[in-house]
Structure formats: structure tokens, C-alpha cells
Amino acid sequence: MVSPPSFPWARRLAHGAALAAGYASLGLSLLITFEVLARKLFSFSLQGVDEIGGYVLAIGVSFSFAYALLHRAHTRVDMLIVRLPGALQAPLNAAAMLLLAGFSLFMLWRAVGTLHETLEFGSLASTPLQTPLWIPQGLWVIGLGVFAALASLLALRALGLLVRGQAAALNREFGPRSTQDELDEAQHDYADETTPAAGQGSPQL
Amino acid sequence: MIGAFEVMIGFLVMLGMMAAGIHVAVAIFSVAALGTLMYLGPPLLYSFGDALWGTLNDFILTAIPLFILLGELLLRSGITERMYNALSVWLQRMPGGLLHTNIGASSVFAAMSGSSVATAATIGTVALPAFAERGYSERLALGTLAAGATLGILIPPSINMIIYGAITNTSIGKLFIAGILPGLALAAAFMLAIMAFSLLRPGVAGEAEPRVPLRARLASLVDLLPPAFVFAIVIGSIYSGWATPTEAAALGVMAALVVAALNRKLTLGMLNECFLSMARTTAMIMLIIVAAFFLNYIVGILGIPQVLTRWVADLGLTPLGLILALVLFYLVLGCFLETLSMMIATVPIVVPMVVSFGFDPVWFGIFLVIMMEISLITPPIGMNLYVVQGVRGRGSIADVMLGSLPFFAIMLAFVFAIIAWPGLVMWLPNAMG
Amino acid sequence: ETLLRTVGNFSGNTLHVEGVERPFFEELDARDDLAVIYNPMDAIGVEAADALRLLRSGSFDVMSVQIGMASRDEPFFEGIDLAGVAPDLDAQREAIDAVRERFDERLQERFNAKLMTLWPFGPQMMFCNGDIQGVDDLEGKKVRVFTPSMSRLVQGLGAAPVTLQFSEVYLALQRGVADCGVTAPSAGNNGKWPEVTDTFVPLPLAYSVQGHFMNLDTWNRFDAAQQQELTEAFARLEEQMWELAYDVNDDAIACNTGQDSCSDHQAYDMRLVEIDPASRALVEEIASEAVLPVWAETCSRQYPECAQAWNETVGDATGLSIQ
Ligand code: NA
Ligand code: NA
Chain A
17 MVSPPSFPWA RRLAHGAALA AGYASLGLSL LITFEVLARK LFSFSLQGVD EIGGYVLAIG
77 VSFSFAYALL HRAHTRVDML IVRLPGALQA PLNAAAMLLL AGFSLFMLWR AVGTLHETLE
137 FGSLASTPLQ TPLWIPQGLW VIGLGVFAAL ASLLALRALG LLVRGQAAAL NREFGPRSTQ
197 DELDEAQHDY ADETTPAAGQ GSPQL
Chain B
11 MIGAFEVMIG FLVMLGMMAA GIHVAVAIFS VAALGTLMYL GPPLLYSFGD ALWGTLNDFI
71 LTAIPLFILL GELLLRSGIT ERMYNALSVW LQRMPGGLLH TNIGASSVFA AMSGSSVATA
131 ATIGTVALPA FAERGYSERL ALGTLAAGAT LGILIPPSIN MIIYGAITNT SIGKLFIAGI
191 LPGLALAAAF MLAIMAFSLL RPGVAGEAEP RVPLRARLAS LVDLLPPAFV FAIVIGSIYS
251 GWATPTEAAA LGVMAALVVA ALNRKLTLGM LNECFLSMAR TTAMIMLIIV AAFFLNYIVG
311 ILGIPQVLTR WVADLGLTPL GLILALVLFY LVLGCFLETL SMMIATVPIV VPMVVSFGFD
371 PVWFGIFLVI MMEISLITPP IGMNLYVVQG VRGRGSIADV MLGSLPFFAI MLAFVFAIIA
431 WPGLVMWLPN AMG
Chain C
5 ETLLRTVGNF SGNTLHVEGV ERPFFEELDA RDDLAVIYNP MDAIGVEAAD ALRLLRSGSF
65 DVMSVQIGMA SRDEPFFEGI DLAGVAPDLD AQREAIDAVR ERFDERLQER FNAKLMTLWP
125 FGPQMMFCNG DIQGVDDLEG KKVRVFTPSM SRLVQGLGAA PVTLQFSEVY LALQRGVADC
185 GVTAPSAGNN GKWPEVTDTF VPLPLAYSVQ GHFMNLDTWN RFDAAQQQEL TEAFARLEEQ
245 MWELAYDVND DAIACNTGQD SCSDHQAYDM RLVEIDPASR ALVEEIASEA VLPVWAETCS
305 RQYPECAQAW NETVGDATGL SIQ
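Residue numbers (our numbering), protein chains in the order written: chain A, 17 to 221; chain B, 11 to 443; chain C, 5 to 327.
No lab work stands behind these hints, which were simulated from the structure alone. Keep in mind the model is a prediction, meaning the values are calculated, not measured. Note that the Cβ used here is the ideal one computed from N, Cα and C, for glycine as well. Please note that a few of the clues may not be correct.
To be verified - Covered stretches of chain C (in silico footprint by chain A; criterion: 3 or more residues with CB under 8 Å from a CB of chain A, positions within the stretch not fixed):
hint : segment
1    : 149-155
2    : 260-266
Stated by the list, open to error - Sample of chain C residues facing chain A (criterion: CB under 7 Å; computed from the structure):
hint : residue
3    : Met73
4    : Ser75
5    : Ala102
6    : Arg104
7    : Arg106
8    : Gly144
9    : Gly162
10   : Val166
11   : Thr167
12   : Gln306
Stated by the list, open to error - With the Cβ distance kept under 10 Å, some of the chain A side facing chain B (calculated, not the full set):
hint : residue
13   : Phe23
14   : Leu44
15   : Gly70
16   : Glu133
17   : Glu136
18   : Gly138
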């Protein structure tokens, strides 16, 4: 979402988590490059770069969900909804946000369940690295937790706007991205992100 | 335990939720969850945690963010724009202009990657920004990307063919060889269609640009060197046996970093922009993939593909009738299912039936892969549509769907072509023994 | 009528899945007191490593379990299939029979599941490229492995273990990312590995043990007579799988290497490497020194009596022991 003018800490958290996912991908690229060269030139393998790659994806994606949410990047089919009058759009936008929050909480709940079993069994990856699975799964759960927290906050805000009858504000904050948003996006500079006040067109919370 | 009527209701509920503007991933998941609670009971719903970890913790899929990162690096260091400038100087006189590069680049990348989704992510990231200010019909550009990328599983290597070969005891080498000619022919068909569009409706392929003298055109070739270097690293590492296609993505990222640094564009700020863009796009794609895998899991446990397969088998058809019925069958199934599962769930029942009607399993494998390609661009669950939309990161998904429509028609026509002329598929593998 | 939600093995193992498993469960489905929904695990996207959890939660009633993958959640189970321990299928069978009861106890206690069958895919052997005359020539080769113990054994042989996803192995062998891939002769034949390799090394590294487990609550819903009938039915299933392991892999070796006795697999012309008795002795030595101690240490963290339990069962049957 190009989102409500609040929750600055959640915004910074989502932003930081997404950056962490990026640096992890860069680290993975370095690791894989090393693996490829060592394997070909010295017949030496780290044995487990594929495994680490899987962890980086799982953790990185869970760390990125919240950031994508801030930017309303999670896909919606908007052909019909944008043609409805604002008063009808508002409950649909609120419903979409509430259901997304519900989904994020469900994901978090089940991921915690998986982590719980991993701890109970002391599970080790059945690979040469034998990674204790609670480490990657713990980070994965944290990412899903950030996503669920942000989605829930936004859902509460959408609900509040709906109850107070502020349909226009609700549609502006929670509707499918409008042409104006796209223009903003085209102009906006990601660097502004770190300084909340800057950037007339940049996404604001 | 579940009939065609209930399946239909579930499908309509999903479509209804999507139309009402519910997030695509949530609509897909909701139908899966409803089906689970109604027919299977809560424990299966609890297993979502394991399914979520299993889907995300997959090395093959790490190629998606890495190729997206590669594309962002090239884009933000200005290399992409200069590459497209150079190409447009050369292609501007050809009807359709730059749109051809989408098909060409997709075909070349398809020859490195076994996955259409990875192809869409990469070519989309590199190509889309180049179309922004050139006056091309955006829908057509999106369509060429979504459809062109489906070649990823037809032009070898192909993960789908490897799995088909293993299940049906067909030579994977033969399948790969059999995919080459149809792959090139389909790419050519796409290009012919682009030319036809741009002749019929001038303006879809951009504004006329001033004619560039030969000397300037030759000079522009220099701008193709950096992307060619990155491409050579990716392709070369796979074909020389240094790296798997997934690992090649990481090598490509490194090569792109080098190129960006040589271009004096590699700064911490630029790197962070690339990371954020990668995170946003990957998260958007993976949320849908996660939901689609879970729906797939539930649809499989409910036995829906088998119910439909048996129904087709019991129709008592002629060989031609059977194949035409299968075209329809896979078109419908392709609306809901992810390609690999669709294949694994139906092939054990369909292929023996098809072979008993006298069809060659290699030919049928190619037929099936083309049907899978079609399913990648048919809504509501068409991965390439979402990937291209995700890379684009703005506007409506409807643009991608509408833009893909002409290519959908071409692919369908192409299926009828290989039915009418099986030699199109079988000539090369037969000639090579 | 009791519903059995069943997950079968990987569909790529056509002989096991289409030849034995699916017909077996169709037969159960035909019984008046049972209804079976059967799907190979990859048809519905179930991860092999999740099997024990899915059984425990009751997500599924019966599952075909790849012991090596499932031992993620219970290292003791891996003890049934440690690399280099059993010299041949007969020895592997004795080891399995020796540990069966202890295995079932632990399965019931920790995972609320009952052991129905235990059987192997067959000897895990190497499909290689390059000039390999014997075990010594594996020095420096990149070998694709998939279990921790196999990795240690291969390292002991002087080769470099490489981990790759299964779906990438064919391409990796073709392009030389890996020099050798390990799998059962029949599985490699079905996966068309001889298309991209030229040398077959018939040294069994492990046996890829599989099982069928049933959720304990589901099991307890049956009366004594039904339990008896099911026990017998699954025993027949297990017997069929063992016969497959014996017959199919001999035929697959013959077919992979282009011998006249080849009958049921695709024929190729890989070169068959001679394995001398010294090689087997070397493997056993590596197993004792490098594989067993490391495994025992991991295992005893979850199950303090692990080494002792192994010595009394598998160790006793194979003549090895963990100190
Ligand atoms: Na390909
Ligand atoms: Na589709």
C-alpha cells in the first residue's frame, strides 16, 4: 500500500527487512560463484550451496512480503472494482485488506506450528550440511511475523475508516493503485524511503 | 467424493473473489481452504505450514530473485536502455520494431533455462523499462513478454520434459531434440504475428524514429557488448558444464555487478534500489506461487484431475477426437493448475490411453508442453501473467491478460498445426536417430 | 467404511508406483470396509521430508516414506540405511528385519504412526562419466550425493561430494557439473541417466530404504480382524517391493551396460566397472571410521540409547559396531 500516514516504525521495519533480503541474495550470489569456481578448478564443493540457496529464498521472501504490501504490489484484479462508485469500492477494499491480513495471520500461525515441531524433534536437514532447521525456520517465522503485524495494522486502519464512513480516504489508501500512484512510482526515488519526510511523490505511510 | 458441479462452484467462487478485488493469492488460498474444510477436515489445513516452507525453501526457485536482481542491475546502470537503443536503431525499419527483441531474447534465454517463469522474470525485468517512452502499445509489449517467455519449457532444456520423460519412459534427449523445431517455429510465428499487427494497426509498435546513418548504427553496436558479456557468462557457464541453470543466475548477477562497476554506476544507493525492487517483485510472485501450490495440493488430494481424466477417457472417441478433446481438457485444467503438477497428475492416465490410440509418446510430450505453455498465460492461474505484471509493478493485470490474448490464439493454432503435421515435431528426432 | 488418504512414492519410480503401489491401493479400495484416495507425492506436491509430521497430524492416513528424507525429524531412522554398512541386499534385509521392532516402537511413540512395510529401492550405485577402472579412479571426481552418510563415504573414497536438486541431476551429468550421480540402477535407467553418462560403477553405497506407515489413530479404528487382514496385505506389498529390488536392479544393470540378459529396461551401452573385494573392504573401513561415529553422535542427541540400539540390531546383523 502507499499507505496511511502512520506506523513509521512498521514502515522502517519492512524497508529494512527487504534490504536484508537483498543483501542475502548478493551474499548467495558470491557463495554460488565461489562454489562454481572451486568445483570446476579444484574439484572442491562446499556441499550445500543449493541448501543455503533454498533458505535464502524462503527467508528473503518472508522478509519481503511486508515491503511488497507497503507498495501495494500484491496482485489484485482491478478491472471491475475501479468502475464501481466510491461508496461501493470502500467495503470491497476493506474486505480485501481484512482477508489479506487473515491470510497473513494464518501463514504465521502455521509457520509457528512448523517451527514448533522442528524444535520438538530437533530436526536436522537430511543433507550433508545437516543444518539445524530451527535457524532458517526461525528467521522465516520472523519475516512472516513482520508481514502479519503490518497487514493487521493496515486492516484495523481500513476497518476504522470504513466504520467512520470515510470512503474516499479508504479508497485512496487501500484501493488498487491508481494512475496517480503510478506516476508517483515512476518519478519516485527509492532513496527517499529512508527519510520519511522527503519526496513529494514517494510512497508515504 | 467430489463431482464436477462442486468443482465448478469452487471455480466460480474463486473468480468472484478475484473480480471483487480480493488479492489473487488470497482468493486462490480461500477456495483451497474452503475445499479442505468441506471435504477433507482441518488437519490438512494445518499442514499448510509444512507446505509453505517446502514451497519457499526450493533452490530451483532461487533463480527467480537472482535473475530479477540481474535485470535490475543492468537496468539501473543504464545498460539496458543503451542496449535497447542500439537494437531499435537496427530494428526500426522492421514492422514491429523492438517487440521482436522480446521474442528473440526470450528464445535465447529459453535455451539456457528450463523454466518459463524464470524466463519471464528475466526478460521482463530487462525489457519492460525500454518500452516506457517509445510509444509502443503497452499491452502488446506485455503480451510478447508473457507469451515469449513460455518458450522456456519448449526450447530445451526443459524441466517439464525431464519429468515427462521420467514418468512415461521416453528418451529425454529425444524430447529435447523434438522441442527445438517447434520452439523455433513458434517463436517465428510470434514474430510474424507482431509484424502483422504493426502493419494492420500502425502505431502499436512505437513512433517513427528518424533514420540513423550507417556509421552511427555501427557505433551503437558497442552498447550491445556489456549485455552480451553478461549473457555469455550465463549461457557459457551452463553449456560448458561449469554451472547448473540455477547457479548461472548467480554468475550472471556477478557479471552484471562487474559491468555496472565498469560503467561507474555501482553505488550503495543504486544497489539498495535494486534490492528493494527485487524484494518487491519476488514477494509478489511468490505469494501467488505459494497459494497456487496449496490449491494444487488440495485439488490433487480431492482427485479432481483423475476424475476429469477418466471422464475424457470414457467418451469413446476416435484418435483425432481424443486429441481435440485433450486440447479442450488441458485448456480448462490449465486455467487452475500449475504446469508441473498438472502434468504429473494427468500423464500416468492420459499417456497410456494416447499411445494405445497410436500416437508417438515423443510427439505427445511436445503437444503437452505446448498446452502447458498455453496454461502459463491463461487466467486465473497463469504464472507468466503474474510474473510479467509483478516485474512491471504498476497498472492493471488486465493489460497483461489482454496483451497475451493474440498470442494465446497463435499458440492454439500452433497446436492444431502439429496435430495436422506431426512431422513438424518428429522430423528432427527421427533424422537424428 | 474407513477412508484412507494415501500418499504414494515419487511418480518417477514407475515400476514401484504404477506396477505395485497403485494396484495395491486400488485393491484395498475395492474392499467393502475401505475407501482409498491414492496420489503419488509429487502429484500433489508433498515434500518427502514432511512425511512423519503429516502422519502425526493426521493430514494423511497412509504414506510411502523415504526414510533418508524423513530422518530429518528422527536421526535414529537413518541408522537403517547408513552408507557403506550393508555389503549386499541380503545383508540389508537382515539388518532391516533386526531393527524393525525397535523402529516401530519409536515410530509409534514419537510420531503416532505404525510401521506397515520396510523395503529398499535397491543398491545405490554410481552412473559416471570419464575414465574409471576402479574405486581408486574416483579420486577428484564430483559425485552427486543426497544423504549425509553418503557424502562422508564418498569423501572417504577421495571424491568430492556435490549436492544438487534431483531434477537438476540429468542436466548436471550431461554438462559435466557432476561427474557421477548416485541412484538405484533401475531408477537411473528410468531417469534416462545412461543417456548422459558412460560408465557404470556397481559398488553399492546404500539402499534407499522406503516404508509405508499408517497414522496410529486410523489403525486403531480397525477391529482385530481388519488389522490382521491389513497386516497380511501390507506384508504382501513389502514382499513385492523386495522382489522388485532384487530382480529389477539386476536387469537394470544388465540393460544399462548392454548385456544380452537385459529384458525389462531400456538398453544402453555403458561400460561396467569391475569391483574387486578390496574395494568392499575399503568401503567397510570408511563406514566404520567416518560414517558411523558421526551419525551416532547426531543421533544420541535426540535418543541417548541410539548407539546401543543400533549395535544390538543393525550392527549385530552386519557385524559392525559403534564404539
Ligand atoms: Na528451455
Ligand atoms: Na493458466
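Here is how each hint holds up against the structure:
1. 149-155: holds (count 5)
2. 260-266: Contact hint for the segment 260-266 of chain C vs chain A: violated, 0 residues under 8 Å.
3. Met73: 5 Å, holds
4. Ser75: 6 Å, holds
5. Ala102: 23 Å, violated
6. Arg104: Check failed: Cβ of Arg104/C comes no nearer than 21 Å to chain A, outside 7 Å.
7. Arg106: 18 Å, violated
8. Gly144: 5 Å, holds
9. Gly162: Check failed: Cβ of Gly162/C comes no nearer than 10 Å to chain A, outside 7 Å.
10. Val166: 5 Å, holds
11. Thr167: The hint holds - Thr167/C has a Cβ within 7 Å of chain A, the shortest such distance being about 5 Å.
12. Gln306: Since the shortest Cβ distance to chain A is 5 Å, the answer is holds.
13. Phe23: Constraint on Phe23/A not satisfied, violated at 18 Å.
14. Leu44: 7 Å, holds
15. Gly70: Interface hint status for Gly70/A: holds (4 Å vs cutoff 10 Å).
16. Glu133: 8 Å, holds
17. Glu136: For Glu136/A, the interface hint is violated, since the closest Cβ of chain B sits about 13 Å away, which is over 10 Å.
18. Gly138: 17 Å, violated
Hint compliance for this structure: hints 2, 5, 6, 7, 9, 13, 17, 18 are not met, and every other hint is.
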